[in-house]
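J.: Chains as they are written, first to last, in this note's numbering: chain P, 463 to 938; chain C, 5 to 433; chain B, 37 to 210; chain H, 6 to 176.
Keep in mind that the hints are not guaranteed to be accurate.
[Said to hold, decoys possible] Calculated pairs, DSS-like style, for lysine-lysine (alpha carbon to alpha carbon, straight line, at most 30 Å):
hint, chain 1, residue 1, chain 2, residue 2
1, P, Lys-592, C, Lys-194
2, P, Lys-729, B, Lys-134
3, P, Lys-649, B, Lys-130
4, P, Lys-597, C, Lys-194
5, B, Lys-134, P, Lys-603
6, C, Lys-146, H, Lys-31
Keep in mind that the hints were calculated from the coordinates and are not lab data.
None of these values were measured; they are calculated from a predicted model.
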Amino acid sequence: MTEKVKLKWNGKDIEAVKGSNLLQAALDNGQEVAHYCYHAGLSIAGVCRMCMVEQDGVPRPFPACNATCGEGMVVRNDTPKIKAAVENTLQFHLLNHPLDCPVCDQAGECGLQDYYMKHGQYDSQMIDKKVHKEKVQDIGKNVMLDAERCILCSRCTRFTEEVTKTFELGILNRGDHAEITVNEELKNDYAQNLVDICPVGALTSKDFRFKQRVWFLEEVYTTCIGCETGCSVKVSQNKNGAYRVKPVFDETVNGHWMCDDGRQIYKHVSSPTRLQVASENMNGLFVPADELNIKEAVKGKKAKFILSTSLTNQEYERFFHEVGSKAEVALYTLPKLGADFDGILKRGDKNANLRGAEHAFKKAGKDSTPAALDKLLNSIGSSDVVYVVVPEILYNEDHFNTLLTKIEKASMRIALTPGETLSSMKVFNYLLPVPSFLEKEGDIVNFSGDIRKLNAGLSYGETTKDISYYGNWVNV
Amino acid sequence: MEKDTANYKDFSLLSYHHIPGVHNIEVFERAGGYEMMKKCFGMEPDFIKEEVKASGLRGRGGAGFPTGVKWGFFSKDRSAQKYLLCNADESEPGTFKDRYLVEKNPHILIEGMIISAWALGTQKGYIYIRGEFYQQAMILEKALKEAYAKGYLGKNILGKGFDFDLYVHRGAGAYICGEETGMISSLEGKKGQPKLKPPFPAIKGYRGLPTMVNNVESLAAVPWIMRFGAAEYKKWGTEKSAGTKLFSISGDVNKPGVIEVPLGTSLKEIIEVHCGGMRNGNKLKAVVPGGSSAPVFNHDESYVVKMDYEDVAAKGSMLGSGAIIILDETRNIGDLMKWTLEFYHHESCGQCTPCREGTGWLESVFKRRDSGKASKSDIDLLDKTAASMRGQTICALADAAAMPAQGMIKSFRSELEAYIMTPTHTGKR
Amino acid sequence: MILKADLYKQHGFLKGLYLGLKITMMNLLSNLFKHDRMTLNYPEEKYFYSDRFKGKHILTVKEDGTLRCTSCMLCSTYCPAQCIHIVAADDSDKEVEKAPVSFEIEMLRCVFCGFCEEACPVDAIRLSGEYEMSGHAEQEWVADHHELAFRKSLNGGRGIVSTVDDKDRMKLRL
Amino acid sequence: MSSHSNTHVSHSQGAPFKFTAENLAKYEELLTRYDDVESALLPVLHLVQEQNRWLPIEAIEYVSELMKIPEISIKEVISFYDMFYDIPVARNMVHVCTNITCSMFGGREIYQGLLKHFDTDYLTPTRDGRISLQKMECLGACEMAPCMRINNDYVGPVDLVSAIHKLEELP
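Please work from the sequences and hints to get the whole structure.
T.: In C-alpha cells:
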C-alpha cells in the first residue's frame with residue numbers, strides 16, 4: 463500500500479508515510495511541535511513560523527509544515543537555535559496581541575497561552591503603542607471577530623476559500639495593519655468551524671460566548687444526530703449543562719468539520735424546559751403525575767406505537783423484543799430539509815438512524831414505510847392507546863403537528879420525549895421523559911451504513927426509563 | 005551609421021545608449037540590434053544556455069545567483085507550457101538602473117528576452133514593471149508593438165516554428181512584488197505575497213507552471229554575451245563576478261546617475277572618477293553599497309572596497325541591486341536608520357509573523373524618543389530583535405530590514421545612541 | 037533534624053524548659069499586669085484588626101460606578117470552597133466587552149482564604165476588614181453583587197475604599 | 006504615520022459603475038494577454054482607475070461580476086497595493102518620494118510643505134478637487150532626488166517652491 467519511511471525526530475525513531483507532511487508525522491507520533499497556521503484539513507500557508515526545524519545537512523532551518531517525510535531524515539526542533547527562534551517568533555506573535563485573556567473565551571484552549579508557558583519570554587520589552595484594530599465585530603452566522611487578537615495565521619481565509627468556497631473572509635492591508643475582514647457577512651453553513659480552527663480568540667462563537675470558561679467543561683465524544691451523516695462530535699458539558707458541540711476528526715465520515723445545524727443538537731438536553739418527570743395534562747397544563755396512575759390507565763389496552771428515527775439500534779431491538787412484537791408499530795420519518803447533499807457534509811435527510819430503524823422493523827417483520835404509518839393512523843380507534851416517540855431534533859415542527867392532529871381519535875395519547883415540552887403537545891394526555899442522545903450508550907447507522915457510537919455523558923434528565931419501559935405498561 | 009566595434013566592446017548593456025533614438029526599432033536595427041537574435045535561432049537552445057552559464061553572468065536583481073545555473077534548473081521539456089518573467093519591479097531604494105535601461109533602449113531587453121525564450125523554450129513572457137513606471141511601460145508597449153510588426157514576436161517567429169508572446173504587466177506599488185514569488189502572486193492577480201519554497205518557480209511558478217524569473221539587466225546582457233562570446237564577457241570583472249554591472253548612484257556626489265563598469269571596480273574610483281567626486285568637496289561618511297537592504301559601509305570601508313559580489317560580502321555587506329547611496333559628513337545615520345526602518349515597516353507584506361510584527365516594532369523602538377521613552381539599551385534591543393528576524397521568514401524582506409539595522413548599529417553605535425536619546429519636539433524628555 | 041535524646045546531659049534540662057515556656061510566660065506576665073490585652077466589652081468596644089484582615093468581600097467599582105469585574109471566573113476557578121458563582125454577559129462598552137450580570141458568594145461556604153483576591157487580574161475583588169457578619173438562620177447567606185459592591189457600610193466607596201482608578205488597568209492596553 | 010488607507014468599509018460613490026465601450030474593448034484585449042482571467046485583475050483595476058480615478062464599491066462589484074472573482078479577493082488586492090485607491094481621490098495624483106535619497110534632499114519637508122500649502126492630508130483631495138497628495142516609498146528616480154511623480158510623469162529635482170509652482174499649474 464503506502465510506502466513507509468523511517469526518520470529521526472529529536473533522536474527518536476518515528477515512522478511515517480513517504481512524502482507525507484513532516485509536521486503531521488511528528489504530531490501523529492506524539493511529538494510536540496508548536497504551530498498555528500498549519501491545519502491538516504487546509505492547504506499549507508507556512509506563515510506562523512513556529513514549526514521551524516533543523517535537518518542534518520540542510521544549512522537553514524525550515525518550517526516542518528512545508529516539508530515532506532523522506533527515508534533517513536534526521537530532524538530536530540530541540541536545538542538551541544530552534545528554541546531561540548521559536549521563542550522570538552512567539553514574542554512577535556504576542557507583540558500586538560491585546561491582554562484580553564480575562565475576557566477572552568479562548569482562554570484555556572488558546573494556542574498563544576499554551577506556547578507561552580513553554581516558549582514565552584517572560585520579561586516584556588514592549589512599552590510601545592500597540593496596533594489597534596476593531597474589536598467585537600459580529601460577522602454573521604453566530605461568529606464574533608476580534609481583529610486585534612488575530613495572529614493572521616490565515617486558517618479562516620483558507621477555510622472559506624478551500625472548504626466552503628464561499629470567499630467571505632480576506633486579509634486586507636499589509637504589514638502589521640493587515641486585518642481579517644469579512645465581505646458583508648458570513649453566509650456559509652459551516653461558519654462555526656472558523657471558531658474551532660482559530661488558534662486564538664479572534665473568532666469566537668456567539669452561541670457559546672461568555673457562557674462558561676472552558677476549563678470548567680469536560681467533553682463527551684459521541685455522534686451528531688442532526689442528520690443522517692452522523693459526524694463524530696464532542697459535547698462540552700458540566701453539571702450545569704451542555705454548552706457546545708465541536709467536531710472530532712474522523713477520516714471516514716466528517717474529516718475535520720461539521721455543519722452549523724449540528725452545533726445546535728445539544729440545546730434541548732440541558733434546557734430548563736426539558737421534561738423531567740412524568741406529567742399529566744390538566745386542562746392544557748402539564749403537572750407532575752404518579753407513574754403508577756398512568757400505568758393503571760393504560761394497562762391491558764390496545765397499544766399503537768409511532769417511533770422516531772433518532773433511537774439507537776439497541777433501543778429498537780429491545781423494543782421489538784419486549785413490546786413491539788405484539789403491538790402495532792409504525793415509524794415517523796422527518797421530512798427532507800434542503801438539498802439532498804450540500805457537497806461537504808450536510809444532508810437533507812434528517813433521520814439520524816433511519817437505516818437502523820428500517821433494519822429493526824424488517825427483522826421484526828414490521829413495515830417502516832410512511833404508507834404503514836398512514837395505515838396505522840387511519841386505524842386508530844377510540845379505545846386505543848397511542849404512544850408517540852417525539853423525535854429528538856425537530857427541524858419542521860409543522861410537519862410533526864400534522865401527525866399529532868391525526869391521533870386525536872385515540873382515547874389515550876402518550877408522548878415519550880427526550881426534550882422540551884412543545885405547545886403542540888397539548889394533544890397528549892401524558893408526557894413521559896426518555897433519555898436524550900447524550901444520556902445513552904448505543905449505536906446508530908449513518909447514511910453509508912456505518913455504525914456510529916453514541917456515548918453517555920453527564921445527565922440532565924431521564925437516564926434509564928426508555929421506550930420499552932413505558933411500552934411494557936400495556937402488557938400486564 | 006557605422007558600427008563602432010570598440011565602443012560596443014566598452015560596454016555590454018549601455019552599448020547602444022549613445023545612439024540617438026535607439027528606442028526606435030529602426031535605429032536599433034541599423035546599429036546591429038536583433039541581429040544576434042536572428043543568429044541565435046540558428047543555434048541549439050542548449051548551446052545558448054551553456055554559453056550563458058559559461059559567461060558567469062549572475063542575477064542582477066540582488067541575490068547574485070548565477071543565471072546559467074538557474075536556467076539549468078528549468079524544465080527541459082520544450083513542448084510544456086512555461087513562462088519567462090522579466091523582473092522590472094525595481095523598488096529597492098536607491099535603484100533606478102532598470103528604469104534607465106528601459107527608458108533608453110527597450111529593444112535590448114526585448115531581444116534578450118527573445119533569445120532567452122528560445123533557449124528556455126517558453127511560449128509566453130511578461131515584463132512585470134512597477135506601477136510607478138507608467139511612461140516606461142508605455143515605451144515598452146510601443147517597442148513590443150514594433151517588434152510584433154517586424155515578426156520578432158508572436159506565432160512562428162521568422163518562420164522558425166517558434167512562438168513567443170511578450171506582454172507588459174504593470175504592478176501597482178508594492179516593494180514585495182520585486183521578490184520573484186511575490187511577483188508571480190501579483191501576476192496571478194492576487195496580493196503580492198511571496199510563496200513558500202520549495203517548490204521553486206522554475207518547477208512550479210506562475211499558475212503552477214514552470215516559470216523563469218530574471219532581472220532586466222540579466223536578460224539585457226544576454227545578446228551581448230551571445231554576440232561576443234562567454235570568454236569575452238568573462239574578461240571583465242573578477243573570476244567569480246564576471247562582466248559589467250550597472251550601478252545606480254545617488255546621494256552626495258556631484259554626478260548621480262547610472263554607470264556601467266566592470267565588476268570589481270573600486271568604490272573609490274566610482275565616486276571620484278565616474279561620479280565627479282563628493283558634493284561640495286565634503287568628506288564621505290557612509291555608503292549604502294547595494295540598496296537599502298545592504299548594511300552600510302563607514303568611511304574607511306568605503307575607500308577599500310571593490311564593487312564585486314565577493315569583496316562586498318567579505319566586508320560585511322552585499323552588492324544587491326547595485327544601488328549606491330553616498331552620504332557625506334553632514335548626514336546623520338539616525339535619519340538613515342529611521343527612513344530605512346519606516347520603509348520596511350510600510351512594505352512588509354504581512355504574511356510571516358517575524359517580519360510583520362518585527363518591522364513595525366523596530367520602527368517603534370527606534371522612535372521611542374518621540375514619546376520620551378527611549379533609553380540607551382534600546383540599541384541592544386534593536387540589535388537583538390533584528391537578529392531574531394533573520395532567516396525566519398518565507399522571503400528575504402525580514403532579513404533586508406534586519407541587516408541594515410544591524411549594520412548601522414555595528415558601525416555607528418554611538419551616533420545612534422546619541423540620536424535616540426535626543427528628544428524630539430513631540431517628546432516629553 | 038535529628039534530636040539527640042541525651043542532649044540534656046550537655047546543657048541541663050532547665051535551659052530547655054525555659055526556652056519552651058518563654059513565650060507562654062511572657063504572655064502570662066504581661067496579661068497579669070497590663071489591662072489593655074484583656075477581653076473587650078464587645079460590641080461597645082471594638083477590636084481593631086490590621087488592614088490585612090480578610091473579612092467580608094468587596095467588589096470594587098470604577099470611577100463611573102460600574103463594577104470592575106470582567107467576569108473572567110478566575111476567582112471562582114481558584115476558590116477552594118467553590119462558593120463564587122458568576123454569570124457573564126456582553127457589555128455594551130466594547131472596551132470592557134464582558135461584565136457580570138450576577139456575581140454571588142455563598143458566605144457560609146467561604147473560608148476567607150483570600151485566593152480570590154490573589155487570582156483577580158483586575159483588582160475587582162478585595163477582602164475588607166469587616167468582620168461583623170452575623171445574621172439570622174433563615175436568611176439565604178448569599179451575597180449578590182449589590183451587596184458586595186454597594187452595601188451601606190461601604191458608604192459609596194468613602195467608608196471603605198472600593199473605587200479603583202481605571203487608568204492603571206488601561207495602561208496595560210497601551 | 007501610517008499611509009495604509011482604512012479599507013475596513015468600502016466606500017460608495019453613490020452611482021453605478023460600468024466600463025465605457027472603449028474600455029470594455031480594452032478589457033477584452035487585456036484578457037487575450039493572459040492564460041486565465043484572474044491574472045488580468047491588476048491591469049483591469051488600472052483601467053477602472055483610468056476611467057473612474059478610484060475604486061468605489063460599485064466598481065468592485067462590477068469587476069467581480071465581470072471577471073467572476075470574489076469581491077473579497079479584489080478588496081484584498083486593492084488594499085495591498087499603494088496605487089489602488091478605495092477612497093475618492095482628486096483628478097491629479099501627486100506622489101512625493103520620501104525614501105532615503107529623496108529624504109536626504111528634503112523630500113519629507115516638501116511633502117509636509119505641500120500638505121500645509123494645500124491644507125490637505127494623505128490622499129485627501131484638496132478643496133478644489135484638483136490634487137491628491139500621496140507620500141510614496143522609493144519611486145526609483147534617486148538621481149533626480151528629491152523627486153515627485155505628477156500624473157505618471159517624473160519631475161525632479163524639486164524644492165518646495167518649484168513643487169508648489171508645478172502643482173498650481175495643474176488643471
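J.: So if I understand the rule, the pair passes when the alpha-carbon distance is 30 Å or less; does Lys-597/P with Lys-194/C pass?
T.: Roughly 27 Å separates the two Cα atoms, so the pair holds.
J.: Under the criterion that the straight-line Cα-Cα distance not exceed 30 Å, is the pair Lys-134/B, Lys-603/P satisfied?
T.: Measuring from Cα to Cα gives roughly 20 Å; hence the hint holds.
J.: Next pair to validate is Lys-146/C with Lys-31/H; report whether the Cα-Cα distance is within 30 Å.
T.: With a Cα-Cα distance of about 16 Å, the restraint between Lys-146/C and Lys-31/H holds, given a limit of 30 Å.
J.: For a C-alpha distance cap of 30 Å, please report whether Lys-729/P and Lys-134/B respect it.
T.: Holds. Lys-729/P to Lys-134/B sits at ~23 Å (cutoff 30 Å).
J.: Mind checking the alpha carbons of Lys-649/P and Lys-130/B for me, to see if they're no more than 30 Å apart?
T.: Status holds; Cα separation ~25 Å.
J.: Quick one, are Lys-592/P and Lys-194/C close enough, alpha carbons at most 30 Å?
T.: 28 Å, holds
Checked against the numbered hints above, the structure breaks none of them.
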